[in-house]
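Residue numbers (our numbering), protein chains in the order written: chain A, 1 to 432; chain B, 433 to 850.
Think of the hints as simulated: they come from the structure by calculation, not from any bench.
Accuracy of the hints is not assured; some may be wrong.
DMTMM-like, lysine to aspartate or glutamate: derived pairs with alpha carbons at most 25 Å apart [what the hints assert, rightly or not]:
id, chain 1, residue 1, chain 2, residue 2
1, B, K687, B, D665
2, A, K270, A, E250
3, B, K462, A, E250
4, A, K35, B, E455
5, A, K11, B, D617
6, A, K5, B, D617
7, B, K772, B, D526
8, B, K486, B, E455
9, B, K783, A, E285
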Amino acid sequence: MGEVKKHDTPKVDQLKTGPWPSFVDDIYSYGEKHKKQACFDIMGQMELSYTNRETHWKHGGIVGVFGYGGGVIGRYSDQQEKFPAIWAFHTIRVHHTAGKWYHTSALKKLCDMWDSRGSGIVNFHGSTGDIILLGTVTDQLEPIFFDLTHQLHWDLGGSGSNLRSPACCVGKSRCEWALIDVQELDYELTMAFQDELHRPAFPYKFKFKFSGCPLDCVAAVARADMSFIGTWRDEIRIDQEAVRAYVRGELKPNAGAFSDRDWGPFDIKKEVIDLCPTKCMYWDENEQKLYINNSECNRCMHCIAVMPEALRPGQDTGIAILIGAKAPILEGAQLSTLIVPFMKVEPPYDELKDFIYKAWDYWMENGKNRERIGELIQRIGLNKFITEVMGLTPIPQHVRVPRDNPYIFWKEEEVEGGWTRDVAEFRKRHPA
Amino acid sequence: MGIEKFKELDPIYTQPYDPTLAEKLYNPEKPMENRITDIGPPYFWQFMPPVIQKNYGKWVSHEIIQPGVLKYKSETGDVVYVVRCGTPRLETTDYIREICEIADKYCGGYVRWTTRNNVEFHVTDEETLKALIEDLKNRKHPNGSYKFPIGGTGAGISNIVHTQGWIHCHTPAIDASGIVKAIMDELFEYFGSHKLPAKTKLALACCLNMCGAVHCSDLALVGIHRKPPLVEDERLEHVCEIPLVIASCPLGAIKPATAEVDGKKKKTVRINVDRCMFCGNCYTMCPALPIADGEGDGIAIVVGGKVSNRITPPEFSRVVIPYIPNEPPRWPTTVKWIKKIIEIYSQHANKYERIGTWINRIGWERFFELTGIPFTEKCIDDYRLAYTTYRTSMHFKFTKHVDEVFNAPENYKVELFK
Numbered sequence: 001m002g003e004v005k006k007h008d009t010p011k012v013d014q015l016k017t018g019p020w021p022s023f024v025d026d027i028y029s030y031g032e033k034h035k036k037q038a039c040f041d042i043m044g045q046m047e048l049s050y051t052n053r054e055t056h057w058k059h060g061g062i063v064g065v066f067g068y069g070g071g072v073i074g075r076y077s078d079q080q081e082k083f084p085a086i087w088a089f090h091t092i093r094v095h096h097t098a099g100k101w102y103h104t105s106a107l108k109k110l111c112d113m114w115d116s117r118g119s120g121i122v123n124f125h126g127s128t129g130d131i132i133l134l135g136t137v138t139d140q141l142e143p144i145f146f147d148l149t150h151q152l153h154w155d156l157g158g159s160g161s162n163l164r165s166p167a168c169c170v171g172k173s174r175c176e177w178a179l180i181d182v183q184e185l186d187y188e189l190t191m192a193f194q195d196e197l198h199r200p201a202f203p204y205k206f207k208f209k210f211s212g213c214p215l216d217c218v219a220a221v222a223r224a225d226m227s228f229i230g231t232w233r234d235e236i237r238i239d240q241e242a243v244r245a246y247v248r249g250e251l252k253p254n255a256g257a258f259s260d261r262d263w264g265p266f267d268i269k270k271e272v273i274d275l276c277p278t279k280c281m282y283w284d285e286n287e288q289k290l291y292i293n294n295s296e297c298n299r300c301m302h303c304i305a306v307m308p309e310a311l312r313p314g315q316d317t318g319i320a321i322l323i324g325a326k327a328p329i330l331e332g333a334q335l336s337t338l339i340v341p342f343m344k345v346e347p348p349y350d351e352l353k354d355f356i357y358k359a360w361d362y363w364m365e366n367g368k369n370r371e372r373i374g375e376l377i378q379r380i381g382l383n384k385f386i387t388e389v390m391g392l393t394p395i396p397q398h399v400r401v402p403r404d405n406p407y408i409f410w411k412e413e414e415v416e417g418g419w420t421r422d423v424a425e426f427r428k429r430h431p432a
Numbered sequence: 433m434g435i436e437k438f439k440e441l442d443p444i445y446t447q448p449y450d451p452t453l454a455e456k457l458y459n460p461e462k463p464m465e466n467r468i469t470d471i472g473p474p475y476f477w478q479f480m481p482p483v484i485q486k487n488y489g490k491w492v493s494h495e496i497i498q499p500g501v502l503k504y505k506s507e508t509g510d511v512v513y514v515v516r517c518g519t520p521r522l523e524t525t526d527y528i529r530e531i532c533e534i535a536d537k538y539c540g541g542y543v544r545w546t547t548r549n550n551v552e553f554h555v556t557d558e559e560t561l562k563a564l565i566e567d568l569k570n571r572k573h574p575n576g577s578y579k580f581p582i583g584g585t586g587a588g589i590s591n592i593v594h595t596q597g598w599i600h601c602h603t604p605a606i607d608a609s610g611i612v613k614a615i616m617d618e619l620f621e622y623f624g625s626h627k628l629p630a631k632t633k634l635a636l637a638c639c640l641n642m643c644g645a646v647h648c649s650d651l652a653l654v655g656i657h658r659k660p661p662l663v664e665d666e667r668l669e670h671v672c673e674i675p676l677v678i679a680s681c682p683l684g685a686i687k688p689a690t691a692e693v694d695g696k697k698k699k700t701v702r703i704n705v706d707r708c709m710f711c712g713n714c715y716t717m718c719p720a721l722p723i724a725d726g727e728g729d730g731i732a733i734v735v736g737g738k739v740s741n742r743i744t745p746p747e748f749s750r751v752v753i754p755y756i757p758n759e760p761p762r763w764p765t766t767v768k769w770i771k772k773i774i775e776i777y778s779q780h781a782n783k784y785e786r787i788g789t790w791i792n793r794i795g796w797e798r799f800f801e802l803t804g805i806p807f808t809e810k811c812i813d814d815y816r817l818a819y820t821t822y823r824t825s826m827h828f829k830f831t832k833h834v835d836e837v838f839n840a841p842e843n844y845k846v847e848l849f850k
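Based on the sequences and whatever the hints tell you, model everything.
Following this line, the structure appears as structure tokens:
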């Protein structure tokens with residue numbers, strides 16, 4: 001390897017100091033050690049961006065691997081003479097594992113591959129979940145894909161108007177609140193829909209996310225077109241002795257999450273009973289016993305989170321399905337809206353797949369170019385989406401409040417006598 | 433093949449990487465030969481430590497022993513300790529290798545990342561835990577930043593979910609990694625402690641595509657433009673699909689047009705600048721409509737969003753500061769305001785109150801008064817469902833704003849009764 005050309009980067013260099021891990025120090029150390037010009041050129045271009053306060057990447061870039069329509073984000077520098085090592089700097093999305101668990105033997109092999117064929121720079125992880133290999137040239141894309149599939153048994157993630165890489169929370173692997181097996185669900189659906197993931201066939205992007213409980217640690221309600229969130233429909237399990245231990249101050253509220261500040265002794269009335277959003281709890285001081293009216297509970301998780309040793313979710317568990325979250329472009333940001341309040345799910349999740357196909361079939365047929373499913377629901381109306389598209393019966397849980405305007409659509413067949421009327425008949429009763 | 437659901441580690445990972453194999457297998461003349469597709473990610477089970485495999489779905493409770501260190505108990509009696517460390521997300525393979533070295537030394541080679549891009553190490557006994565923590569504390573980059581700061585649990589500030597910025601994207605109005613580093617340096621004490629009223633989630637998106645979590649975070653930053661796009665008439669018809677460009681505008685500000693360039697008629701577009709609010713979506717669709725501008729671009733700060741259903745439903749974050757200029761490399765004004773909001777929140781909110789829950793209790797007028805953030809018309813919604821954000825009630829508090837605007841003769845009264 002020849003000598004590398006270093007750029008003067010006084011502004012970027014100021015990010016080497018301070019306690020938080022410095023990406024600048026990391027990239028420079030790596031560049032020095034491996035004599036990678038790309039590392040110096042990317043920092044050089046960053047310095048230029050810090051001076052001009054503008055990006056120096058050209059618009060777009062369409063590159064990829066044969067057989068797939070996505071997975072690689074093409075990128076070209078607009079300063080190719082100054083920074084030749086990053087003239088092309090494409091990103092590879094590598095599909096993360098469900099729950100983001102890894103063994104070092106696989107990671108180190110992935111690193112060896114990326115050292116050899118790319119910049120050595122990565123993101124762990126992209127916001128949708130993928131491992132991001134940041135920066136390589138077009139000629140390396142096919143070899144990287146061959147290395148990934150043949151030597152790592154590892155596939156690309158999604159990009160473009162397709163199913164993006166699904167993601168889940170840590171789930172049953174390390175959380176007592178996981179009400180569904182999000183990792184298995186994530187993996188099964190990922191594998192079932194490989195075609196939809198690799199070959200864009202949709203009006204726009206579509207994301208799945210799976211959270212084990214309503215605390216929603218993977219932000220499914222905000223960041224997935226179809227959000228799967230674990231819930232239960234029986235009773236919260238109470239260990240009364242453990243509740244008393246919290247009241248006596250022997251156990252730390254919220255597992256110790258508030259340990260560095262004096263909030264006073266734990267007060268079950270103030271911290272649990274009074275904060276319950278449905279006010280369905282009661283602490284009997286005399287009996288030293290906690291009562292929960294489970295039929296009024298909306299399963300917000302607060303009491304369980306405050307007293308994890310004493311309270312556990314119920315055991316009749318399933319998923320709720322919410323649809324339509326998206327960022328602002330085009331019609332404004334949306335959170336997913338409740339469509340299915342409860343569904344039992346077991347591998348191979350056929351019922352769930354049917355549900356997904358039903359939504360996709362309609363959206364693929366009727367969605368406009370670059371229209372997210374959430375916007376489609378806005379356009380046609382949630383009522384139509386629930387009844388006509390998904391074939392479900394509307395229930396009060398589908399809305400936060402009923403409509404306030406009386407601009408109600410009726411279908412002709414719902415109205416006695418239909419819509420064909422004769423004005424002459426009307427005039428017989430009401431002369432003009 | 434990879435599609436097999438490996439419960440034990442796939443033996444392929446014990447074989448060293450062969451840097452020459454791909455060239456032998458891939459024949460550009462016959463690109464579909466030897467091609468493997470649709471195998472998906474490796475099956476997660478093989479990458480989980482034995483204690484996790486054994487206790488999968490059997491955990492009964494957990495405890496945060498100290499900031500960044502958790503203990504999980506299983507119904508089998510097993511325990512697992514977790515050490516959570518901050519990472520910059522943007523990193524190198526050497527950094528990943530160092531994580532691997534640590535995982536090999538203490539964790540049997542197993543490691544995981546969180547949904548906020550922290551890294552987690554798992555051990556099963558206290559002695560190893562102690563040694564691991566000690567080791568992590570001592571690892572620093574050459575200029576002194578911690579490589580693996582321990583924290584990110586409980587009522588503190590965990591990692592900032594962020595985007596590409598100037599390191600890789602073509603549509604950003606701001607950088608990502610640099611601003612995140614500047615903020616986390618300043619808020620570092622909150623990463624390794626539990627002293628806030630509730631967990632506080634920060635996010636950053638470098639444009640209003642809002643990749644990530646800005647629209648639903650306690651406190652977040654989004655890159656914005658303040659100038660309409662430039663229109664490259666001579667190039668536009670060659671590089672853009674004009675109907676797509678027109679449909680990309682949320683406010684219908686773009687119309688088709690014909691322009692004369694060097695005596696030739698060119699199809700192009702015109703932008704009604706009075707209708708343009710600089711979202712940049714037309715540039716996403718069309719390279720001939722660049723919008724970035726060093727002076728015009730900057731940061732908007734939003735607060736009060738959340739995704740969890742705990743106590744209150746998930747909620748969007750709201751714009752409180754419409755613009756702060758880009759100030760690389762340390763963005764001092766932005767950092768100052770972020771810190772101020774955190775401090776005021778910390779001082780005034782009740783235990784368990786997220787920023788949004790706190791503001792809903794005290795009212796937005798009080799939030800603006802307490803933080804000293806100047807309120808301007810830029811924070812008043814004027815997009816489609818804006819009406820739902822107006823105050824259609826007599827429920828308000830008299831804050832300094834009322835005094836200053838309506839009770840001071842030199843502005844309100846004089847103006848109105850002249």
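Here is how each hint holds up against the structure:
no., hint, result
1, B:K687 <-> B:D665, "holds, 13 Å"
2, A:K270 <-> A:E250, "holds, 18 Å"
3, B:K462 <-> A:E250, "violated, 70 Å"
4, A:K35 <-> B:E455, "holds, 23 Å"
5, A:K11 <-> B:D617, "holds, 16 Å"
6, A:K5 <-> B:D617, "violated, 30 Å"
7, B:K772 <-> B:D526, "violated, 36 Å"
8, B:K486 <-> B:E455, "violated, 41 Å"
9, B:K783 <-> A:E285, "holds, 22 Å"
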